[in-house]
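**Student:** One-letter residues, chain by chain:
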Amino acid sequence: MVMKAVKGVLLTCDAAVKQILLVMNEAQSFIIEDLDDFHLLIKQDEEDRIRRQLETELEKNTYSLD
Amino acid sequence: MSHLSLLLDLQPAAWHDPTQSLQFSTFLAHILVFLNAHLAQKHENSLAIFGAFPGKSIMLYSSIDQTKPADRRVQPDPNWYQPFKTLDAALTERIREEMPQPSTSSEAEELPVALVGALAKALCCKIIQATKVEAPSDTPVVMPESRILIVSVSPDAAASYIPLMNSIFSAQKLKVVIDVCKIYGPDTTFLQQAAYLTGGSYIRVEKHESLLQYLMMCFLQPPSVRSLLAVPTTDRVDFRAACFCHKDIIDAGYVCSVCLSSGSDCF
Amino acid sequence: MWRSAFAEPSMPKDPETAGQQDAPHTLIPFLQSQSQTALTRLYTRPSSCLAIFRLLGPIERQIVMSLLWLEGPIASQTLNGWVTKEGRKPYGTALDTLSKIQILPNPGTRMLLNPNFKASFRMALTGGGDLNSFGVPYVSSKEKDAERDGAGDKKFGPNSEHLDSYALERWETILHYMVSSGTDSTPQRPSAGVLYLLQRSGLMQPLPSPSGYSTASSRKTSQLQISSLGFQFLLHTPHEQLWELLLQYLKMVEERQMDLVEVLNFLFMLSTMDLGREYSPDNLTQTQLVMLEDLRDYGLIWQRKSSSKRFSPTRLATTLTSSTPLLPSSGGGNTGPQGFIILETNYRLYAYTDNPLQIAVLNLFVHLKSRYPNLVVGSITRDSVRKALNNGIRADQIISYLVTHAHPQMRRNNPLLPVTVQDQIRLWELEKNRLKSADGYLYTNFAAQADYQVVLDYAKQIGVVLWENSVKRCFFASAEGHSNIRGFIERRSKDEQM
Amino acid sequence: MPPRRAQDHNYMAVDSDSDDSFIVEDGDGDFGADRTRGAKSKGKGKAVQKGKDKGKGKGKEQPYSWEASYTRSWDAVQEDEGGSLQTAVEDLLARGRRRRLLGPSTAIRRTIIRHLILILDLSASMLDKDMRPSRFDLTLEYARAFITEWFDQNPLGQIGIVGMRAGLGERVCDMSGNPQDVLKHISDRVKLEPNGEPSLQNAIEMARGSMSHLPSHSSREVLVIFGSLTSCDPGNIHDTLDACVKDRIRVSFVSLAAEMKICRDFCVKTGGTFGVALNEGHFKDLLFEGIPPPVQTGAAATAKTGPGNPAADLMQMGFPTRLPDTAPPALCVCHSELKTEGFLCPRCGAKLCDVPTDCDICGLMIVSSSHLARSYHHLFPVKPYEVLMDKSSLTITSPSVCHACALPFRESQQSKTPATAPAEGLSPLGRYRCPDCGNDFCADCDVFVHEVMHVCPSCHDPKPIPQPS
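Protein chains in written order, with my numbering: chain W, 1 to 66; chain L, 67 to 333; chain P, 334 to 831; chain S, 832 to 1300.
It is worth saying that the hints were derived from the structure and are not from the lab.
Mixed in with the good hints there might be a few duds.
Where chain L lies over chain P, by a calculated footprint (3+ residues, C-beta under 8 Å) [as the list claims (entries may be wrong)]:
1. 420 to 427
2. 749 to 757
Label pairs and their in silico Cβ distance ranges [what the hints assert, rightly or not]:
3. Leu958/S to Pro748/P: 27 to 35 Å
4. Glu1172/S to Pro748/P: 35 to 43 Å
5. Ala27/W to Asn817/P: 36 to 44 Å
6. Lys239/L to Lys433/P: 39 to 47 Å
7. Gln794/P to Lys4/W: 19 to 27 Å
8. Lys239/L to Asp1073/S: 39 to 47 Å
9. Ala812/P to Glu57/W: 23 to 31 Å
10. Cys1179/S to Pro748/P: 52 to 60 Å
Under the rule of at most 20 Å between Cα atoms (straight-line distance), these lysine-lysine pairs were calculated in the PhoX-like manner [as the list claims (entries may be wrong)]:
11. Lys7/W to Lys805/P
12. Lys769/P to Lys43/W
13. Lys769/P to Lys7/W
14. Lys4/W to Lys793/P
15. Lys765/P to Lys18/W
16. Lys4/W to Lys805/P
17. Lys720/P to Lys60/W
18. Lys151/L to Lys108/L
19. Lys43/W to Lys4/W
20. Lys765/P to Lys60/W
21. Lys769/P to Lys18/W
22. Lys827/P to Lys4/W
23. Lys451/P to Lys108/L
24. Lys7/W to Lys793/P
Note that the structure is predicted; figures quoted are calculated from it, not measured.
From the three backbone atoms N, C-alpha and C, an ideal C-beta is built for every residue, glycine too.
All chains should be modelled from the sequences, with the hints used to inform the complete structure.
**Tutor:** Okay, here's the thing in structure tokens:
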């Protein structure tokens, strides 16, 4: 039969995070395939970097009183 | 943790009677083992023992206040758990002191044992202990679920009906379960009511040699466990009152509307 | 008042129901894992029987007591007759536990207690025997004559206050060391044995040192750092903490060529000893003499000097089998069994304590602002909680800690903690893992729907499918399933070719 | 005839013009309150004080509750200079003791067989929110508590409930001796939803009718919880008042709004008590004052109407035997259901579900002796213990521990400094001596013995009980 198996990391996230990831993807592409609203397939070696970047990104969007 | 108040009915007439199948020494031994078993249940379990003697009631032992010098006088025994030893030594000693000899005090035996006094004292100790527990803060502290076990050998003392009932009602209010273990003598209606009203069990020991087994199976578990492991409850309580003039039990009679004194045909 | 969106934190049990849902003591499972012979040997000593009996649940205790004084076996129906309807289930589990720890070998048909257990437990209740299982009290020569003239023993060695302070100091040294290990402050180190135990139990781990990890060296030299397990450990009650350590100690026993039974016997003997009394180590076995030192490090035992010919158990030891707070004032004095924390809806937290340990623990997840002689004021902020979460502490643990140590004032309101704060803490935890990732393969570009379906079904069979989309005709399976799936596909393609 | 709105002051007077008479009476009314008030209401004394102020109508110092500022409850407790609450607590104790000392110590005659009609105001005025959550809800809540406690203290009594709604009196619950029955009727508030005008006359007439048949030895009491300031009656309410006086019905009022002359008259003429509730707590206290059995001699004194000294006549009663639930099932006569457990009527052997009750077969009044016994402590109260003020009363032989709880006596440190001498009725030695048996008891036991147990731990040891005189 004809088919294709792609190695990668499946990211499960909420829509907001996904948008951020897409933006990050503009700067440096790491997304292999955009599966649906909540799932992304990305390159395996990129995961850690993504997480760290996302972390900082989210931090920017949180505000605390003190 | 649970608190047990034991009321021993020490009527010399009953205990020194040689015809009885259960000698006092053996009875005491069984009781001691039972008490040890209670202490063994949990580290925090507390204990108070009251003796109802003819005409007087005495606190024989209390594990609540450590002021008693008895604690330290007993030499530690490498083969016995210290609290057990303390308890047994103290209790046997006190009973030996207090127990009137049948020969000496012949007139004292005529008096009924002061069960009411003992019961009242037991309740007082309970309430004091409760206040002591709640002292540190007004939070719902884990109140020791406490119960009272009455080991009775003497018949009802009709004279003490009202005070007895009053103390039973207060026990009811305090949610103190009253168990009754009847060893000798006729069934006592008053104590049956006590057990019934407080949700305890009234059990008559038929085979005296297996008293310990009775104690272990029926009177050891705290109320919380009884909901899971049932104990024989009181059957056939009789709610008849005592005629005020002749002190005999009547089942239908006249009651004064003012003082509620009940009587048969006598008035 | 609106309810919390999440499960309420477990409120303190009221005595009524306590009898029914008591979790079995941590030691019981350990005992269950022991061999029958070991247990039987264990049961030969009255003190051990008494201690184990106390660790059992109320129903187990009642069953044992009912059977204890029966000579012969009785039919199990006889006892079943006593069980009420709602009692069935707990009763069953109770029988199960008892049989597992060999106290009631086969409860199926005829009930008979383990003969050794029965004999020694009876002995425990009635006294007698010559096993000295409750510890031989130390009697100095002059006290001997003192007794002879009946004066009783006047001097009791250390008084209980001194013992408490000692035990407290030792115990908090350990905990405090754990808490502050992450930070730069260096409190006094507990003894090497303790450090080794902490490390073995995974509560602390050595900092990755260039010299490379080796137990011997890390034990002596390298700095230890608290692990996420350790952080969770800190939030437990002292009783749980002590038993966790002891369990770890028991687990280590074999490799130290110590006899487990003797170790247990010694522990149980301590638990039945009398506080404020001195005992003589004369008839202790070699193993137990070794333990003597270890336990001294943990603060369970007090000795005037390591060589002295007498020792006395501290409250930590004598309350091993009780459920009350171990030390009368488990820290600083003003906390006691009651709590000391007041938490407000505005996330501010007031802790009425001056105990450095408690403050350090609070510091794990609270942003402390100001400190007064007996009061610490701080607030729970996103950062402080995130720090804790990163350390491996879970939100539930934080909440349960706050609940258990809540100030009496707080107990009035229900739910005990402000719902807003509870939820927020949990939300912060959720926020931490917004991104879940899984390695694996994406299977796509299937030529035919049928193929897709078949492969998908197979993948589902072996349960590796993480995501699927029949429209796009692709699915994602975790990495471990890949080989099987590939094999499956190859086989099928072979079939098709022929 | 359509109910006619009572207008002129003969029928009804709002409190404004009855102040002068009010203050005095309210004063001694409060005194009576203090005497009979239960232990739980300690510290409410302050509330009573406020009561007088409010009695003066628009009192300056105590504004009405709706214009009062946020009451700071912690102000109620004063610390002593040492910053401890010791003195405050001791003060409460002392107040309790003084109240007991006022109470009669000898055996007194009380009406044990009580019949009470509870009249609830279900008029629209009960929807006012000046008491949280609302007058109506609060009344229901307290009424339930009241009924439970009432039956606990008067097990032989019976309670009926009448509601005042839409100008009519409607029977909410018939006379019944079973707490569950009564409570069932006021359990759901929907059925009792207030509306319309109240009618005192209708309600009281209805209550009177339902109590006319009662024997002489039983008390007839009416307790009105009245929320409105008006009453629209079909006829002259004073006739009803006279009728009540004639039938020796004791009418008491608890007003939630203000004093009305007619209510006051009812209470004064029939020997009842009148009170205006200031706040939730006070409301409860006023209500619960009705619980302990009334003293008959007292009743005779207050009103010509009270049952002066009725001949103590005898009631025939049966004492049943309780069947265990292991007994063979049989039909009970009350619900004719198959039941195993139950009580057997001693005369006709009929099976009854619950006591106290009247046997449906032979009409015998069935009580269990424990029900009788419940009331005894009203008749034979424990004598108040004497307060030992100084060591002079102690001998060498007097024990150092409480006779009851065997704990050493706690000497209060206040006694050292005369400046803060403990309140009168509080022993500096912490000793309280029973006049009969001469044993010493500690403060806690003293309170417990007198307020809960009603048994002196040592008086009853060998001696026969005091016979009712």
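**Student:** Tell me if the straight-line CA distance from Lys765/P to Lys60/W falls inside 20 Å.
**Tutor:** Within the cut-off at roughly 15 Å; holds.
**Student:** Does the stretch 749 to 757 of chain P contain three or more residues whose Cβ lies closer than 8 Å to a Cβ of chain L?
**Tutor:** violated (count 0)
**Student:** Has the given pair, Lys4/W with Lys805/P, been kept, meaning a C-alpha gap of at most 20 Å?
**Tutor:** This hinted pair holds, its Cα atoms lying about 13 Å apart.
**Student:** Has the given pair, Lys765/P with Lys18/W, been kept, meaning a C-alpha gap of at most 20 Å?
**Tutor:** 15 Å, holds
**Student:** Is the hinted range of 39 to 47 Å satisfied by the C-beta distance from Lys239/L to Asp1073/S?
**Tutor:** 43 Å, holds
**Student:** Take a quick look at whether Lys827/P and Lys4/W sit within 20 Å of each other, Cα to Cα.
**Tutor:** 17 Å, holds
**Student:** Please work out if Lys4/W and Lys793/P have their alpha carbons no farther apart than 20 Å.
**Tutor:** Holds, at roughly 18 Å.
**Student:** Given the hint that Lys451/P pairs with Lys108/L, test it: the Cα-Cα distance must not exceed 20 Å.
**Tutor:** 18 Å, holds
**Student:** Do the alpha carbons of Lys7/W and Lys805/P lie within 20 Å of each other, as the hint requires?
**Tutor:** 17 Å, holds
**Student:** For Leu958/S and Pro748/P, compare the CB-CB distance with the range 27 to 35 Å and indicate the outcome.
**Tutor:** At 32 Å between Cβs, range holds.
**Student:** Would you check the hint for Lys151/L and Lys108/L, treating anything up to 20 Å between C-alpha atoms as holding?
**Tutor:** This hinted pair holds, its Cα atoms lying about 16 Å apart.
**Student:** If you draw a straight line from the CA of Lys769/P to the CA of Lys7/W, is it 20 Å or shorter?
**Tutor:** 17 Å, holds
Hint violations for this structure: number 2 only, all remaining hints satisfied.
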